[in-house]
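Asks: Each chain, letter by letter, is given below.
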Amino acid sequence: AESDSQSGGGEAKPKVAYVTNGIASFWVIAEKGAMDGGKKFNADVNVLMPANGVEDQKRMCQDMLAQGIEGIAISPIDPDNQGDLLAEIAQHTKLITHDSDAPNSDRLCYIGVDNYTAGRMCGALVKEAMPEGGSVIIFVGRLGQANARLRRQGVIDELLDRDPDPTRYDEPGAGEIKGAKYSVLDTRTDGFDFGKAKANAQDAIAKYDDLGCMVGLFAYNPPLMLDAVREANKIGKIKIVAFDEEAASLQGIVDGDVYGTVVQNPYKYGYESVRVLAALARGDESVIPEGGFMDIPARQIRKDNVDEFWTELKRLTAVGLPAPAATDDEPVAEENGEEKTN
Amino acid sequence: MSESNTSPLLSVENVTKRFPGVTALNQVSLTLAEGEVLALIGENGAGKSTLMKILAGVQLPDEGQIRVAGVPVRLDSVQTAQANRIALIHQELNLSGNLDVGANIFLGREPIKRGLIDKKKIREDSVALLARVGLKVSPDTIVDALPIGQQQLVEIARALSVDARVLIMDEPTSSLSQHETERLLKVVKDLRSRGVSVIYISHRLGEVRELADRVTVFRDGANAGDLSRDEITHDRMVQLMVGRDISQFYARKPHQPGDVALQVSGLETPANLGHRLSFSVRAGEIVGISGLVGAGRTELLHVLFGVDAAVSGTISVDGQVVRLRSPGDAIQAGIALVPEDRKQQGIILEMAVRTNIGLPGLKQHQKTGGFLNRHQEGKDSAEMIARMRIRTPNERQVVQFLSGGNQQKVVLGKWLAMKPKVLLLDEPTRGIDIGAKQEIYALMEELAEQGVAILFVSSEMEEVIGMSDRTLVMHEGRITGELTRDELTEESIMQLATGNVGTPA
Amino acid sequence: MKKNLGILSILLVVFMATAFGSDSFFTPYNLFNLVERSSLYGIIGIGVAFVIITSGIDLSIGSLIGLVAVVFPYIVVDRQLSLGMGLLTILGLSLVVGIVHGLLITKLKLQPFVVTLCGLMIYRGLARWLVSDRTMGYGNESFASLKVLVGNVSQLPGCASLPGAKHVPVAFLILVSLGIVAAVFLNKTIYGRYLLALGRNEQAARFSGINTTKMIVLAYVICSLISGLGGLLFALDYGSIQPDSFGNFYELYAIAAAVLGGCSLRGGEGSVFGIILGAALMRLLMNSISMLGIDDQLEPTVIGFVILIGVVVDQLVKRIAAHRRAVLQARQASS
Amino acid sequence: MKKNLGILSILLVVFMATAFGSDSFFTPYNLFNLVERSSLYGIIGIGVAFVIITSGIDLSIGSLIGLVAVVFPYIVVDRQLSLGMGLLTILGLSLVVGIVHGLLITKLKLQPFVVTLCGLMIYRGLARWLVSDRTMGYGNESFASLKVLVGNVSQLPGCASLPGAKHVPVAFLILVSLGIVAAVFLNKTIYGRYLLALGRNEQAARFSGINTTKMIVLAYVICSLISGLGGLLFALDYGSIQPDSFGNFYELYAIAAAVLGGCSLRGGEGSVFGIILGAALMRLLMNSISMLGIDDQLEPTVIGFVILIGVVVDQLVKRIAAHRRAVLQARQASS
Ligand SMILES: Nc1ncnc2c1ncn2[C@@H]1O[C@H](COP(=O)(O)OP(=O)(O)OP(=O)(O)O)[C@@H](O)[C@H]1O
Ligand SMILES: Nc1ncnc2c1ncn2[C@@H]1O[C@H](COP(=O)(O)OP(=O)(O)OP(=O)(O)O)[C@@H](O)[C@H]1O
Ligand SMILES: [Mg+2]
Ligand SMILES: [Mg+2]
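Protein chains in written order, with my numbering: chain A, 3 to 344; chain B, 210 to 714; chain C, 3 to 337; chain D, 3 to 337.
Please keep in mind that the hints were generated in silico from the structure rather than gathered at the bench. No residue lacks a Cβ here, since even glycine has one placed at the ideal position from N, Cα and C. Treat each hint with caution, since some may be false.
Cβ-Cβ distance ranges computed for the label pairs, FRET-style [what the hints assert, rightly or not]:
#1 K320(C) with A340(B): 42 to 52 Å
#2 L83(C) with V315(D): 21 to 31 Å
#3 N223(B) with V315(D): 31 to 41 Å
#4 L97(C) with K183(A): 23 to 33 Å
#5 S179(C) with I321(B): 18 to 28 Å
#6 S84(C) with T350(B): 51 to 61 Å
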C-alpha cells in the first residue's frame, strides 16, 4: 500500500483507504486519482488492490480498520454476499462504495456508474459497429465477480433489446443466445491467463467464420483480441468493441481497427472517493450527494473523440506531475474532457 | 501335539515361484522339525530368500503347498504368518530410521493401554531384548543414528520379541563382526533349547557347521540335497552348493611387495574426532582392516575415497600428496572403493550392467564435446563380464535382477575397468556365496600380483586371516595394532579389536 | 516442541517487531482477526500434514475447498434441501475424494503429486460448471445457525457470560481441539505410529504386518475431510464464493505451513504444534506487512523469504547439533 | 518412442475426434495457433524435465516467467536501456535464479519442493513490486525486431519464399531445435548420463566419481534459463503482461506435460519427445473444447481427467508387459 505522507496543511491528515476489487491497469489509473485527491484534500491515502479476491479484500479492510482508518471507499467484489464485511466496516468507520455499489449496505454513498449500464453502453457500440446485425462473442477474465457478470448481462440485454434488469443472468453454459438481429454465440473466460485469453480469441475466429463482432469486457481482453484478429487478417471483417482504456485498445481505435470502447472514469473514482472520505472524516456531511449516488457516467470512446480523451488520460496518469489542483465543485476530467484544471 | 510327532512342524512341498525374467524357485521342498536348527545354504540367487519371504507371508508361491503341523496353510499376509507364529529376519535391513529402537522392535505389535501405545512397557521389554542380543544402546535412540551393524542387531531383537515357533534368519550375521556373531550363535542355541525351530541362512559355512542340526542345499532354485548333522563338512556343503569342489580356498602366493603406494599419516576422520591414524600400503600388498562393528573402518575408507573430508592429516599416493575433496579426486589419484552398502552406494539398481560398469570411466573416455564413448563402454563391460564371470543374460540386463554375488562383481568390474593403483574394499564378500567369494579372492590375488595396493575391511575373521599380508585392527576409531601374517590368529585380533592394547603388535 | 524452537523464535521476533512498529497491531480487534485467520489456515495445514507424513502430497486441497464451498449453498439454497442434507453431501464428497486419491496412489501405484494435480484441475472445473461460474453466497438465513463457527466464543450457547469470550474466535477452539486430537492420534496411537513408520520406509512397515494400503488411504481421507471442513469454515467466513478462484493456492499455503512446522516432504516427520506455528507465522507476516505499511506488492516476497529462512535455520540447527554430538563422542572415546 | 505410444494414441484419438466433430478444426489457421501454443508450453516442459530427471521439481517456473516478462520491458522501455541490455538482464536473472536454487538444494540439502515454492512467492512479489502492478506492454517499437520469434517462418530473413513457411510458427522451429539439443544432451553426452544416473541413485553416482552437486546445479540452471526463454516468448506473444497473474500455474502445466510425457517424478527417466507430446495434448484438449463447443467451465475437469487416464493407461501397460514376461518365462520353464 503506497502511503502518501507529504505534509499538507497544519490540520491533521485523515487516514483513508481506497480498496479496489482486484489488480488491473484500470485500478492503477484510479490509484493515481486517489493519490492526487490525497494531495489536494490533504488526506493520507492507502490504495489497496486485493490479489486474492474476497479473502484479500476482507483481510485488507480489517487490517485498515485495525489501524483506525477514518474512511474506506471500496469496490465490493460481490456486493450481495459481502454484507458482513460491509457492515463491519460501516460499524467502525465511514463507508462508501465506488465502481460497484452495495445498495443494501450502510454505505454513505456510491461513486461511479453501475456496470450493468456500462454494459448496455457497450452493447450499443456493438449495434453501431454492426448496424445490420450479426453474431457476437464475449470475452471476459472471470464471471466470478459481479462487475463482469453485470457488464456481460448489459451487453446481452442491449443486443436483445430487453428492458433493463440487472438481476437477469443468462448462464454461459446455455449456448447461443439468439435475438432478432443479434445473437451472442458464446462467452469465453480465461481466469486472467493471458495465454488462454488470446487462445480463446483465436479459437473463436477459427470456429465461427461468420463471426461479426468480438466484445472484450476486461481491460486486457481487447488488445489480445486485436492481436488475434490482425494475425488472422480479419481486420474490418470482425468488428472489435472494447471495455476500459488499455493503451492498445485506444491505439486500435485510432487505427480504426477497434470500433470503440466504453470507459468508466477510474481516475475520477479515485479522486472523488478521496474527496468525499476526507470531508466526511472532517465531519462534513455535505459532500454526500443527494440520493447517495454520485453519477460518474461511463463514456463511449470512438474514433472521433479518442485523441482528446487519450491526451487527457495521459496527462492525468503521467507520473511525477503535480496534482491537478481541481476545486471541489469542479473536479478534473469531466466527461467531455474540456475542463482544464486550474 | 499328537499330530506334531507324526508330521513335522513346518513342511514346504514342491513350491514354485516365478519373477519376470527368472524362476526363483522350481518345485522346492523342505521340512523343519520342532526345536531343530535347519541351515539353508546355496549360491547367490539360489532362491533362499524368496522361499523365506513366502513363509513370512510377504510373497505368494505360484505353485506348491505349505503345511504347519500337518495342516495346509495359505500364508497370504504377514499377519497370517505371524498367526502361525512364523517370524522372519529379512536379509535387507527393514527398519524405519526415523523411529527409535523400541518403536522398531515392536512395530506392528505395539502393546496397548487404554487405547494408547504403552510406551513404558515397550521400553522395559526392549531393554531386556537388547541385552539378549548384546546391543548397548537405549531403546530411545533413533535408529538412523546407528551404524548398519547395530541396526542389524535391532532387527534380531525385533524377531526375538515375536513369540515365534519358527524363527527364520536370512543372513543375520552378514553385517556382524566376530564378536556379535558369537553372541548371536549363543542366542540361537538358547532358542533351540526352548523348543523354537530356526531356519538359518548363511554364506559363512563356519557358523553353519557350529550351529546346524541339518542342512538343506538349494542350487538354481531347486533342491540340491540334504545333510544330516554328521554329514556337515565344509567340502560336502560346497560340493552340493557349487556342484564342484573348491580346492585351496584362499589362493595366496607369497610375493615381494613393491614401493609404498598409499601413505596415510595423522589422518583424523569426522566420525571419530581426536584419533590420528597413520599407516601405509605397498604396491602388490593386501592389507586387511579388522575390528568390531562401528570401529570406524568404513569411515576411514570413506575419507580415503574423498566421500568425507579429512579433518586433518595427509594422504599420499605413490609419494604424491593428494587432496581428496570428492570421489572424483580420489579416482584421479588412482584410488577406487568397493563400498560397504552395495545397493545404496555401489550400483544403480535400475540401470543396465553395461551402464553401471561404464559409469566411472565416462569422463576419462569421453569424446570431444562430452559425447559418450559407446564403443569403449561396450568394450569395458564385455571384458569385465567375462573376466569376473558375471552371470547375466546380457550386458543390457538391469542389475536389480542379478543375485547379490553378481551385483558385487559388477561393482568390482566397474572399478577394475579404471585400473586403480589403490583398491579399497569394504566388506567385499558381504552376503556373497562361496563360489563368488572364491572368485573375488582369486581376483584380489591377481590384482596384487599386478601391483595394485589393496586395503580391505572385513568383519569375517576367517577371510582376514586367509587373505591379508598384514592386518590393522581398529577399535573405536583408533588403530590398536598391526599384525603380520604369522602373528595373525583370531585371538590376537580379538585382543586388539576389543581394545586390549599391550599384546605384542 | 524443541524442534520447533527455530520457527517459534521467528514468530516471536516478527510479533514483537510489529507490536513495536505499529500501535494498532496489539489491539483486541486485530489480534482476534489474526488468530481467526491463523486458525483457518492452521486447520488445513494439519490436514495436509497427514499425507505429507506418509511422504505423499495433496495439491488438490484448494480446489476441493472451492468445490465444497460451492456445493454447500448449491444444495441448501439452489436445490432447497435441508442444512443437514448439505452437510452430509460435502462430508460424503470429501470422503469420496480422499478414498479415490488413496486408492489411485496405493492400488495403481500412481504418484501422489500427479493424482492430486489432476484433482486440482478436476474439482475446480466441477465447481465452476455446477453453478456456471455464478457467485455463491452464504447470506441466506439457513446458514445463520452455522455462522457461529466463524464468530467469537461468546456467541456459543451458554458461553455468553464467559470472561473474554468475545475476544476468542470459535475457529481457534476448533483448531485447538483438532490439533489435540491430531497430536494424540499421531504420537500416542498405533495408527499414528504406523503412518510415521510407513512414511519413512513403507516396505519395512509392510513386512511388520502393517496394512500400509489401508493406512495410506486413511491419511488421504483425513486430509480431504479436514480440507472439507476448512472449505466450510472459509466459505462461512468470507460469505462470497467465486467458483473459479475460491481456494486457489490454499494447498501451497497449507503445505508451506506444514513444512515450516517441521514436516519433511520425505515423510515420517511432523509436529502438529509446529504446523500451527507455521500457519500463524504466514498470517502474522501478512498482517505485519499491512500494519507496518510495507508495500503490499512485496507481500509474497516477504513470505517466501521468511519460509526460506525458516527452513535454512532449521537445517543449520540440525547440522550444528550433529557436529556437536560427533565432537562429544570423540571426547568420551578419547577420555 | 515405444514408451510414448500410450499418450501418442490418446493424442491421435482426440485429434481425430475433434477434426471429425468440427470442420473449423483442421484448418491452416487453427492448426497454426495450436502448434504455436503447444510449442511455447513444450519449451518450458523440456526445461522442467531436466530437474524432474534429477528427481527434483521446480514450482517457481510460472513466477519466473512473470518476472522475466515484466523485467524485460521495464529495462527497455521504462529504463530506456537497449534491447541487448534487456536480453542480458533477463538472461542473468534466470541464470542467478537457477544457480541459487541449485546451491540451496545441494549445499544446504533443502528440498526442491520447498526451495522452489519459496521462489514461486518471491519472484511473483518482485515482479509486482518492480512495476507496482502496472500492466506492461510489448507494443513499443523496440520489440518489433523480436516479434518474429512469435510470428511465422516466412517472416524470418530469407525465408519469405519457402513453400508453406507461412503456416509454420517460428516458435515451433525453436521447440524442435531445443528438443533436438536436449535429446542429444540427455542421451548422447556424459552429462545427460550423469543426470539420469544421479536421478536414480545420487549416492551411488557420487561414489562413482560424479560431481553430483555440479550436475544438479546445472539441471536447475538449464530449467531456469529455458523458463526465462519461455517467459520472453510468452510475453512477446501475448504482448501485455499483468504482473500479478502472468504465468500463474504455468509450472503445473509444464510438470504435467513432463509427467504425461513419461518423466517419473522419482527421477532418472524422461523422454523429450514424450514431453512435447504431453504439452501438445493439453493444448489440443483446450482447443478441442472450444471447437466442439464444450462448456467452458468444464475445461479444467476434462484436462485433469485426460492426464489421469494417460498416467493410468501408462501404468497398466507397464504392468501387463511385466506380467506377459513372467508368463512367457513360465512357459519356457515348463517346456
Ligand atoms: N522381486 C523380484 N523380482 C525379480 N526377480 C527377483 C525378485 N526377487 C528375487 N528375484 C530373483 O530370484 C532369484 C532368487 O533370489 P533370492 O534372493 O531368493 O536368492 P538368494 O538365494 O536369497 O540369494 P542371496 O544368497 O544372494 O540372498 C534371483 O535370481 C533373483 O534375482
Ligand atoms: N550413519 C551413521 N550415523 C551416525 N554415526 C555413524 C554412521 N555411520 C557410522 N557412524 C559412526 O562412525 C563410527 C564408525 O562407523 P563405521 O560404520 O565406519 O564402523 P565400521 O567399523 O565400518 O563398522 P561397520 O561398517 O561394520 O558398521 C561408529 O562409531 C558410528 O557410530
Ligand atoms: Mg537372500
Ligand atoms: Mg563398515
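Asks: For every hint, state whether the structure bears it out.
Replies: Going down the list of hints, with the structure as the test:
| no. | hint | verdict |
| --- | --- | --- |
| 1 | K320(C) with A340(B): 42 to 52 Å | violated, 31 Å |
| 2 | L83(C) with V315(D): 21 to 31 Å | violated, 38 Å |
| 3 | N223(B) with V315(D): 31 to 41 Å | holds, 38 Å |
| 4 | L97(C) with K183(A): 23 to 33 Å | violated, 52 Å |
| 5 | S179(C) with I321(B): 18 to 28 Å | holds, 23 Å |
| 6 | S84(C) with T350(B): 51 to 61 Å | holds, 56 Å |
When held up to the earlier numbered hints, the structure conflicts with 1, 2 and 4 and fits the remainder.
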